[in-house]
Amino acid sequence: MKLNNLIESQQLDVATIFALFHKADELRISVKKPLNGKILATLFYEPSTRTRLSFESAMLRLGGNVISTENAKEFSSAIKGESIQDTTRIVSAYADVIVIRHYEDGAAKKAASVSPIPVINAGDGKGQHPTQALLDLYTIWKEIGHIEDITVAMVGDLKYGRTIRSLCYLLGKFKNIKIIFIAPESLSVNDDIKNYLKKYHIQFEEQTDMNKNLPHIDILYMTRIQKERMTEEEYKNSAGKYRITEENINLLEESARLMHPLPHVEEIELNLETEKTNKRVAYFRQAENGLYIRMALLSYLLE
Amino acid sequence: MKLNNLIESQQLDVATIFALFHKADELRISVKKPLNGKILATLFYEPSTRTRLSFESAMLRLGGNVISTENAKEFSSAIKGESIQDTTRIVSAYADVIVIRHYEDGAAKKAASVSPIPVINAGDGKGQHPTQALLDLYTIWKEIGHIEDITVAMVGDLKYGRTIRSLCYLLGKFKNIKIIFIAPESLSVNDDIKNYLKKYHIQFEEQTDMNKNLPHIDILYMTRIQKERMTEEEYKNSAGKYRITEENINLLEESARLMHPLPHVEEIELNLETEKTNKRVAYFRQAENGLYIRMALLSYLLE
Amino acid sequence: MKLNNLIESQQLDVATIFALFHKADELRISVKKPLNGKILATLFYEPSTRTRLSFESAMLRLGGNVISTENAKEFSSAIKGESIQDTTRIVSAYADVIVIRHYEDGAAKKAASVSPIPVINAGDGKGQHPTQALLDLYTIWKEIGHIEDITVAMVGDLKYGRTIRSLCYLLGKFKNIKIIFIAPESLSVNDDIKNYLKKYHIQFEEQTDMNKNLPHIDILYMTRIQKERMTEEEYKNSAGKYRITEENINLLEESARLMHPLPHVEEIELNLETEKTNKRVAYFRQAENGLYIRMALLSYLLE
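Residue numbers (this note's numbering), protein chains in the order written: chain Z, 1239 to 1541; chain P, 1239 to 1541; chain F, 1239 to 1541.
Be a bit skeptical, because a hint or two may be false.
Copies of the same chain are indistinguishable here, so a pair counts whether it falls within one copy or spans any two.
Computed list of lysine-lysine pairs in BS3-like fashion (alpha-carbon distance at most 27 Å, straight line) [said to hold, decoys possible]:
| # | residue 1 | residue 2 |
| --- | --- | --- |
| 1 | K1271 | K1479 |
| 2 | K1311 | K1364 |
| 3 | K1413 | K1432 |
| 4 | K1411 | K1474 |
| 5 | K1474 | K1318 |
| 6 | K1436 | K1270 |
| 7 | K1311 | K1474 |
| 8 | K1348 | K1271 |
| 9 | K1514 | K1436 |
| 10 | K1271 | K1416 |
| 11 | K1397 | K1450 |
| 12 | K1311 | K1240 |
| 13 | K1514 | K1311 |
Simulated from the structure, these hints should not be mistaken for lab results. Please read all numbers here as calculations on a predicted model, not as lab measurements.
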């Protein structure tokens, strides 16, 4: 398979996933500049400084250059009313690859449909964020050593979390995965995910108690309760319900890993020393992996 | 003539215009990096992401680098009150060329008056936007093969449109040009333009019907009715009055071209297939030409 | 002494200060690119376009690259609530050096406490702005030829001015300095500065008349009355009280110099000709020195 864009996790087959992982491992230590003279345009319709800086750093480390806006709405303001397709066609004359972030589901696909250059989805609406899923999977592979035959607990806001959705789509491509969804009832995982997992024969359970599961899992994937995406009522019932602290982190096996897409708030309360020395804490390594997997993807799409 | 700045279209003589066009043609296929180590500062007092990205891409493709702000007002906020001249003097220590966009007429000229490095006007107030005019003229030359002996229809908002103004100044330098202004009465072209054209013996007419003129012109230059710059009354009387659709586009000769500075809204309603295959549709090529003409200008000013 | 960060002026000893000055002198004319492939992240929690562009230009001139945000608050918005330490840890994976600007005192120190890469304070709250102090001192050295045995008058807002504070800390490291503080009573210099100067045996006086002191000083360091940081009452009593004009500038000795951190408003009213030809006017050279001293600092921290 040759990718031309990356819009959804489902586009990736297992062979391509591993090609990207091995490329990421190689670029982690490489000093070559394969994208010398190439230009990345970051076209962000809503700010996401973290994701933008990660892509820009990836491009620069590969020897490329960057043109950038977190102000892309200005292209197509209410008054001017330009379509995402027209904007994409214009920007594609200025760059060699576009990374797009948009507030509407499906915006990245629309952009890709007219673009003569590769388009990468960096999150659109409640839809997908496939490079986040890729970096999550890459982290599992680096930390555990393999992806098949593992148990992953996903905890927190499983209803609104875009991360969870894209990661489930990727895990669905591997064998002997077991997923344990742990969430307050009001934030439980949506049917589309459950149907997808059933279709691919991925074993999953829905539970509400976190601590009793900690000793039996390989990956604990915590997520933030996203106050900004839910009702007051939903927030009150769920915030603080699941927390990893100095008390329960060591209920995890020594070989198990705590992941989080970050930023975290009160769902993780560990002191600095633990974050530095307890190998179970993987979330800063996970964030760093985002750089290498994005380097791999840019290099794959442009070389 | 040696240019030190580009503030107004009138600065350009015909020899310089063609020097820039030939340079643009050369840079379109070049792989040299003549501006290696040079720095462009984009100093934008109002956002114009499209123009900014185009200049930044041009600089990067030439091997240069960019420092950038769409927040230049912050330099001289109401409270701090720094003059545009002082800001320019400071920024000129950090860069090798400044591209300025400002909300006030004449701001670019003020900046150039104190700058030890070249200043390019990327639009100031209701004034000029000379690189837009240059890319328009370059597009006419590329698409038609020559600039003399042509008929250009300019349609839409001719009263508020900055693009029209700068393009007329440039066309005034060529022979046997005929301009047909087509606009609702309330948005007809201003006297300063008409007086300029008379002075340079450029033939022009003012009309209100578009379709009957389509078969007899070389260039149809459509513009957007800029709702944000006019009264409610003016907008109501003009929006939707002139439209290019699947019905009337082929009233144009096969060799004629439809141009637009973009973004367009309802004044152009063509389907994707037509935009891709009907050679009359030139506006995306026109946008791309902006990159090459800006590369040519930067290279001309800095080499 | 080997610096790992630059958070406060007090960190710098005299040997390091001169190492930086000599490096700045060298980089002023150098064409080497010692930081090729390195990335600077500007992490600005409040916009400061001037400071940001100066650091970015410095990094690019050294051959490095830049990732940049003036929108860093978005990392840790009220809702998401990420700590400055976590943000720093993540960004440190994307870059080789961080320049931070923050609205809270002590933020830069917090960032440095967890960062595996160098952190430079570009102003935090009412705290310090050490690279401004360095460029001020470098300007004194370039303009006067030496730092010891000089008299410096500091004029204007000495209560709220962050610049004054950092510069006093640096001057405290040199011998035979005399400082004359000239301010309206309500904006006189704070006790912490006075105590610091006493401790290091730096001679200082507090006065209210500027003109009578002009003939007897080496450096006149003017500052802006920062309307935005004071009460209406304080502003009314101080604005316009001290002004340098065509009338009094030549009360300064020919060898004396007028400095200002810029932007200036009504406290300096000189015509363009004077600014260009009167050697006493040093503030644009001072701003340019900011570029070279920041190049020196980046190069010192990263080489």
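Which numbered hints fail: When the structure is compared with the hints, numbers 1, 4, 6, 8, 9, 10 and 12 turn out to be violated.
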